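Protein chains in written order, with my numbering: chain A, 1 to 331; chain B, 1001 to 1267.
Note that these hints are calculated values from the structure, not bench results.
Predicted model only: the values in this text are computed from it and were never measured.
Glycine residues also receive a C-beta, built at the ideal position from the N, C-alpha and C atoms.
Please note that the accuracy of each hint is not assured.
Claimed, not checked - Some chain A residues near chain B, calculated using beta-carbon distances under 7 Å:
id	residue
1	Gly-72
2	Val-74
3	Ala-75
4	Gly-82
5	Thr-86
6	Arg-156
7	Ile-164
8	Phe-175
9	Pro-197
10	Val-205
11	Gly-213
12	His-308
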Amino acid sequence: MKINNGVFGPLLVWLLFSALFAGALDSHAASGSSKQTVSVLYAGPLATVMEYGVGPAFTQATGIAYQGEAQGSVACAQLIRGHLRTPDVFISADALVNNTYLMGPANGDLVKWYMLIASSQIVLAYNPDSPHAKEFEEVAAGKMPWYKLIEKPGVRFGRGDPTIDPKGYRTLFVFPLAANYYHRPELNTILGEPQNPAQVFPEIVLMARVEAGQFDASFFYRHEAAARNLPYITLPAEINLGDPNFAAEYARQSYTNAQGVTVHGAPILFTVTIPGDAQHPETAVAFAKFLLTSKDLLHQYGFGDVPHQLGGDSSQVPPQRRSLVDGAFKP
Amino acid sequence: MRNSSKTTFIAFGALGGLLLAALILPIASLLLQANWITWTAAWKEEGARDALYVSLTTSIVATAIMTVMGVPLSYVLARAGLPAKRFWIGLVFLPLVLPSLAGGILLMQLFGPYGWIGAPLASHGFEVTNSYAGIILAQIFVASPFIIIASYSAFERVDPQLEMAAAILGDSRWQILRRVSLPLAWPGIAAGATLAWIRTLGEFGATLLVAYNPHTLPVYLWVKFESDGLHGALPLALLLLLLAVIAVIVSALLSRISGQTGTAMVE
Chain A
1 MKINNGVFGP LLVWLLFSAL FAGALDSHAA SGSSKQTVSV LYAGPLATVM
51 EYGVGPAFTQ ATGIAYQGEA QGSVACAQLI RGHLRTPDVF ISADALVNNT
101 YLMGPANGDL VKWYMLIASS QIVLAYNPDS PHAKEFEEVA AGKMPWYKLI
151 EKPGVRFGRG DPTIDPKGYR TLFVFPLAAN YYHRPELNTI LGEPQNPAQV
201 FPEIVLMARV EAGQFDASFF YRHEAAARNL PYITLPAEIN LGDPNFAAEY
251 ARQSYTNAQG VTVHGAPILF TVTIPGDAQH PETAVAFAKF LLTSKDLLHQ
301 YGFGDVPHQL GGDSSQVPPQ RRSLVDGAFK P
Chain B
1001 MRNSSKTTFI AFGALGGLLL AALILPIASL LLQANWITWT AAWKEEGARD
1051 ALYVSLTTSI VATAIMTVMG VPLSYVLARA GLPAKRFWIG LVFLPLVLPS
1101 LAGGILLMQL FGPYGWIGAP LASHGFEVTN SYAGIILAQI FVASPFIIIA
1151 SYSAFERVDP QLEMAAAILG DSRWQILRRV SLPLAWPGIA AGATLAWIRT
1201 LGEFGATLLV AYNPHTLPVY LWVKFESDGL HGALPLALLL LLLAVIAVIV
1251 SALLSRISGQ TGTAMVE
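Based on the sequences and whatever the hints tell you, model everything.
Encoded structure:
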């Protein structure tokens, strides 16, 4: 019996080479001497602005490579808390996610401060090819109140999942606020159960469903609709959770999830922080500073302005960044 | 000669052992950190029980449908002398190559309330989106290749001489299939059906897009991971692992029993 070496020889050589090559790649990344990087874990709805706007602009301005990852805000916080990710920068779609999941001794004091970077608001975006697009256009032109269309049988609309997305519970808050504002109590019950399967999907699926034309419309942040070029209907400031002047009214709404965690209505504010276990604190500071001075870029992507207030312990802010703080934020 | 074969086994054993370690270590670490008391308590939560029920019922129905439709398809592929047979078999492989997320996007477009197929169904009050039907559809899309390919090769392996003998003895095509081909191919079909069943139990990507609700076990695991982090997800990972173990045992038993009866029937 003769063993044929014709196949296995080259295979072994190839395996050896690939192992060596993988090792070389690894040490290259670890030394990082040739190129600095910043890793950013951010709330899913920011994907477009981060990947096409802020990320490339930051690399262009500083030469530091940008690595972004999008997840739900709560999921980001859980990843950091579980030490499954050690990002240099964390951007949340809800200031309170910092307080609830990452700050304080119970959470290992992973985050000690955060700063407001931008605001947004809830809008009703629709697919321009929907069979109901004409009616949505009439609503957008102010000829019909938006809730009339939402109430209409056959109009299919989506919203986020309140158990995993802040946008999910924020959409729940819009309806009781609207019931008050329009004096139409029936708006309180129009959404059905918080988990109503006719409406609820995770954020990424929601956008895909509207773009694929399988939902006529869905509740989104304004900057998401703007980023995807979806036409949208804006809601009054009293109910869209976008105006800090109505914070007291928003705060009367609350939602308690299955785990017993209660969240209250609040203006939609995005925050930035540098977790305690960041691997590259210096590039993290550079990135946060860039973000806080990129007002025009954020505008261009549909975000609103906010004073850069600080939540948490101001003495923990890196000294290089104190000049950027515009007072204290009390959630 | 002996020595060289020993060296081969040592070299292969080392390579294979590394791969095996990569497969087993994550599972071993799950078992090592398992807190059986709190984890089994997590299985009793309403959400987990509902998800287990949804996963079991949909996966069994999906496997039954795949078997009833997939076995005839594989028999046609193996025996009907189709033109361009390779092409048809290539088509069957496609869902295996496609990431299940991509499969989900395509299914969503087709079966959504405004899709080509979904719209007429919806107008008759039958919603595929976020329903048991949607879950089963996603499972069938990703898992069918397993049973079709397994049954196809099982039918291919049946000795044509035996079928011809039965034909000469006056059996019809249906009688040949029932008395000769099916009993001989059955162990392969059963193995394919169990593989397909295991695949449906773990299906996530396509299901997420087509039917986020009601949550199957993998979707529920993701939701718990998103909302509660590791301690929410790990108990469910263990539950899925145990289900997989049960499925593998069932598969082994099934192919043994059916293997015996299969041979016995032919003899």
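When the hints from earlier in the document are held up against this structure, which numbers fail?
As far as the earlier hints go, 5, 8 and 12 are violated by this structure, in ascending order.
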